[in-house]
Each structure stands twice: as C-alpha cells, then as structure tokens.
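Undergrad: Sequence:
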Amino acid sequence: ASPIQAKADGKEMIRLTVFLLDGRGLGVANQTVDLDLPATVTIQNQQEISDQNGKAIFDISSNIAQSVNVAAKVGSSKLPQKIKITFY
199 ASPIQAKADG
209 KEMIRLTVFL
219 LDGRGLGVAN
229 QTVDLDLPAT
239 VTIQNQQEIS
249 DQNGKAIFDI
259 SSNIAQSVNV
269 AAKVGSSKLP
279 QKIKITFY
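So for the sequence shown, this note's numbering puts the first residue at 199; every next one is plus one.
What the hints contain is simulated information worked out from the structure, not anything from laboratory work.
Just to be clear, a hint being listed does not mean it is correct.
Unchecked claim - Below are the DSS-like pairs computed for lysine-lysine, each with C-alpha atoms no more than 30 Å apart in a straight line:
1. Lys209 to Lys271
2. Lys276 to Lys209
3. Lys205 to Lys282
4. Lys280 to Lys253
5. Lys271 to Lys253
6. Lys282 to Lys253
7. Lys282 to Lys209
8. Lys253 to Lys209
With the hints as extra help, turn the sequences into a complete structure.
TA: Below, the structure written as structure tokens:
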C-alpha cells in the first residue's frame with residue numbers, strides 16, 4: 199500500500215497493489231482479485247484482473263476516519279498477507 203495513510207475526505211486515495219506469484223515466484227496472470235473491505239471504504243479505480251506479472255491494482259478512499267485491515271482473495275482462497283491502512 200502506498201501511502202499507508204490518507205485523509206478521510208473521499209478524495210485522497212491509497213493505492214493497493216497485489217502481486218500473485220506461483221511457487222517459483224513468477225507472476226500469475228488473468229486471475230480476479232477481490233479485496234475484503236468494509237462498506238465505508240470506496241474503490242475508486244481498479245485493475246482487478248492480474249496482468250502478466252501477476253499485479254492487480256486498487257485505489258481506495260474513505261469519508262470516515264478509520265483503520266482497516268485489508269485482505270485479498272482469489273476465488274475462495276484468501277492470500278495470507280494482510281496490511282493495515284489508516285484514514286484520518
């Protein structure tokens with residue numbers, strides 16, 4: 199995530215980048231990535247299908263000051279990494 203914090207004004211965004219890698223560390227393309235986010239967080243722009251490098255991108259914002267633990271999943275499989283972001 200970059201940055202880790204943003205103003206809770208509905209305009210300032212945090213970019214979340216998810217990399218899907220196989221057992222050899224190579225990107226996995228054409229997979230749909232979903233984020234586990236509360237309804238108070240809005241996804242502004244997204245590239246939810248992983249590219250040839252396994253990368254999916256989401257720009258998110260919020261109008262409510264909060265800290266959120268974000269998890270990603272592909273199909274029914276949750277990715278083990280999570281990140282905590284803050285809207286202030």
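Undergrad: All hints are to be evaluated individually against the structure, with a verdict given for each.
TA: Evaluated hints:
1. Lys209 to Lys271: 26 Å, holds
2. Lys276 to Lys209: Satisfied, since the Cα-Cα distance of roughly 28 Å is no more than 30 Å.
3. Lys205 to Lys282: Distance ~15 Å between lysine 205 and lysine 282 Cα, so the pair holds.
4. Lys280 to Lys253: 16 Å, holds
5. Lys271 to Lys253: 13 Å, holds
6. Lys282 to Lys253: 19 Å, holds
7. Lys282 to Lys209: 19 Å, holds
8. Lys253 to Lys209: It holds: about 24 Å lies between the C-alpha atoms, which stays within 30 Å.
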